[in-house]
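J.: Please model the entire structure based on the sequences and the hints provided.
2 protein chains.
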Amino acid sequence: MSETGLNMSRRIRRTPYTDKVEQHGVRGFSVVNHMLLPKAYGPSVEEDYWHLREHVQIWDVACQRQVEIRGPDAARLVQLMTPRDLRKARQGQGLYVPLIDENAGMINDPVLLKLEDDRFWLSIADSDVLLWAKGLAVGAGFDVAIDEPDVSPLAIQGPKATALMTELFGDEIRKMPYFGFAAFDMLGTRQIIARSGYSKQGGFEIYLEGSHLGGNLWDLIWEAGRKYNISPGCPNLIERIEGGLMSYGNEFTRANNPLECGFNKMCYLGDDIDYIGKAALERVATSGPSQRLSGIRFGGGKTPPCGKPFPVTSHDGKPLGQITSGIYSPRLDCNVGLSMIIRSHWEVGTPVVVHTPDGKEREGSVSALPFY
Amino acid sequence: MSETGLNMSRRIRRTPYTDKVEQHGVRGFSVVNHMLLPKAYGPSVEEDYWHLREHVQIWDVACQRQVEIRGPDAARLVQLMTPRDLRKARQGQGLYVPLIDENAGMINDPVLLKLEDDRFWLSIADSDVLLWAKGLAVGAGFDVAIDEPDVSPLAIQGPKATALMTELFGDEIRKMPYFGFAAFDMLGTRQIIARSGYSKQGGFEIYLEGSHLGGNLWDLIWEAGRKYNISPGCPNLIERIEGGLMSYGNEFTRANNPLECGFNKMCYLGDDIDYIGKAALERVATSGPSQRLSGIRFGGGKTPPCGKPFPVTSHDGKPLGQITSGIYSPRLDCNVGLSMIIRSHWEVGTPVVVHTPDGKEREGSVSALPFY
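Chains G and Y supply the protein sequences, listed in that same order. Sequential numbering of the first sequence, starting at 1, is according to this note's numbering. Sequential numbering of the second sequence, starting at 1, is according to this note's numbering.
None of these hints come from the bench; they were simulated from the model. Think of the CB as a built atom: it goes at the ideal place given N, C-alpha and C, for glycine as much as any other residue.
Restraint-style ranges between C-beta atoms, simulated for each label pair:
1) Gln91/Y / Pro357/G: 38 to 46 Å
2) Glu46/Y / Gly71/G: 45 to 53 Å
3) Leu332/G / Pro305/Y: 41 to 49 Å
4) Ala255/Y / Lys308/G: 30 to 38 Å
5) Ala285/Y / Lys308/G: 45 to 53 Å
6) Arg343/Y / Ser44/G: 51 to 59 Å
7) Gly25/Y / Gly71/G: 47 to 55 Å
8) Ala255/G / Gly71/Y: 19 to 27 Å
9) Ala255/Y / Gln23/G: 25 to 33 Å
Footprint (simulated), chain Y over chain G, 3 or more residues, beta carbon under 8 Å:
10) 21 to 35
11) 241 to 254
T.: What follows is the structure, encoded as C-alpha cells:
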C-alpha cells in the first residue's frame, strides 16, 4: 500500500513523469487506461482552481494513451469507427471524434490526429479502444497495424501557457489554431505539440515520444515556468464542470448515444459515408434523443463529493436524470453539476431538485453549458 | 478525494458490496475493469495471509466482470478467441482460457463459463474484452449479442469455506469439482456458484446476478461465517505469489504469448481448429518460447514494495527478466517473486541477482511454482 492509498503495481502503469509528480508531493492518483493520473497536489481543489485560471500548470496526462492505426486500410477503418465526416481531415488538425458501437453507444471520445494519409493517432479517454480497433480490423480482415506507441502527453495549461511555450519553442507556437498540431524541436528530438488540453483556460499538450525523455521534458518546462508561477496540476473538477467538459465513464457510457452527449455536429447522416452504428444513430436522429447532457446549478450549501451520482428529480418527484460530476464553485458561489436530463425537462431554467447523500433536497435549475 | 486516496467517481464504478466493504473499514482500493477492488483491511498483509490460510474470508471481486456472448455464432466466436480446444467444453464446467490477438499476444486470461450451447460468460481480468469481442463480431458480421450483464462475483475463500457454504447451500456444494459450477437457491433467486477463486486455499465464487441483492448476500455469508471466524479480505499478495497465480497486466501483457506464461496445455495446435493468432503461436511453438514465467526466491531481508518491477540479472550483470510481483513471505522466511526469465537461465536452481529500489543487490535463485 502506498501512502496515497492506491496500490502500486506494474498493472497500473507509472508514467514517464510519475517520479517528478511524486517529488512534487502529489496527494493521490486516479487510474485511466491502466495508468496513473495525478489527482491532487496543493491544499485544496479550490486553490488549484484559482491558480489554473490565473497562471500556468504542468499536468501529467500520459494516461491519454495513443492508439496508432497505420497501413493501407487505416483511413477506411478510422472512418468506420466514427460518425464524424473525416473526408476533409488534414494533417496538423486535431479532431474530436465520438466513437460508437453498432448500437450507436459511445465507446470513447478521443482526439484524432491525422499524422499522414495512412497513419493516425486516437488520443483516448478511459476504455481499451486499441482492442475495439484491433477486433474490427482482425474481424474484417483489414490491412492495418494497430499499436500503442511510446507517447505520453504532458499538458501545459492556463492563461500564461502561451507565453511560456513561446519562450521555449518560438513564435510558431502562437500561430497554431485551437486543436492544431505541429512538430517542434526539443531535447534533440522532434516532438508533436498540439494547442489543446482538458481545460478551458488555454494551453498545449506535448505528445512526448520516448519515455526516457520524460524527466528532462518536465524539468525543461518547470525551469522556464518558474517566472510564470508554474505549479504542478491536474484536470480540475471545478474548472472542468464549469467548462462543460465531459468525462467518458462519468457523464456518458456505452449506454449513451452521441446525440444525447451533444455531439450533433460530429454526426454525419448523409448517404455517402458509412460507419458502424449509423442505422442505430439514424433512428435516434429521427425520433430525437430522449435525454441530453445538461448543466445543473444547485444550492443548499457546499455539496458533498459526488462519489455516487446524485439523483435529479422534479419537485413532484419525477426522475429527470442524475448528476455524475458535481462540486461547489467558489466563483459562481453555488454548486455546479453535469447530468443527462430527459427531454421534457431539459430546457434551460427548468427547476429541479438535487438529492445529495447527506440527505438534503437541494433547489436547482437546468443551466446552459459552459457555466458562466 | 476520499480518505483512501483514490478519487471516487462514477467512472471508477462502485460494486454491489462497496457499502459493506466500507463499513468493514477497507483501507484502500485498486481499480480493475473500471471498478473498485478492495486492497487491504486489517493491520497488515501478513496477518491477512495467515487468516486466509486458516479460516475463511469474504472477498468483493465484483470487478471480475462477465462478458456475455450469446446467439447462433457465440460458440464459433468464443473458439476463435482462444487457442484452447473447446470442443469438449460442457455446461457446468469452468475453463481457464488464454485469449490472444493475431500476434499471439495475451489479451486476457478469463474463466469461461458455458451456460448453454449458445451462451457463454467470460469472467475477465483487467482489459476490455467486451470491446475486443464486439470488434471481432462486428468486423466479421457474426450473429451474436455481447453485453456486460449485472453479475458481480463474491468470493468465499479459505479452508473453512466448504463448511460454511455447505451449511448455507447444502451438500451439493461439496460435490462440485474444482472449477465446476451449478445454480443454487439463495435470497429467493437462483444464482451460479463456482468452486473457484483467486487463492490456493480452496473456496467458491458466487456469480450474483442482480446488484440490488449485494448487501443481502454479503450479510447472509457474514452472519453464517461468524462461527468460522470469517473476515473481510481480498486477493492476498503473499498467498498469490506463493501459489504462482499470475495477474494480467503484472506478470504478462499483450507483449507476451501464452507459451511464455506456461499455458502450454491450453494451446491446441492441431489442424482441425482455427483461432486468431494460431499462425503466430505455431511459430513460437516451433522455436520454443524465449522466456518463461518463473518463481524467484531471494534474500537480503524484507524487500520493499514492488511498485516498479525489480530487474533480475545474472551475477555478471546479464539481464534475465524482471520481478513484476514480489513480497516477503513470513512462512518461507524469504522474499518470493514472479518473473519472466530468459531460456538460458530458467532452469530451477539457477542463481540470480535481484535489484531492488533500495539499492540492494539480493542473492536469489529460480524456483519452481507454486512455491513450497
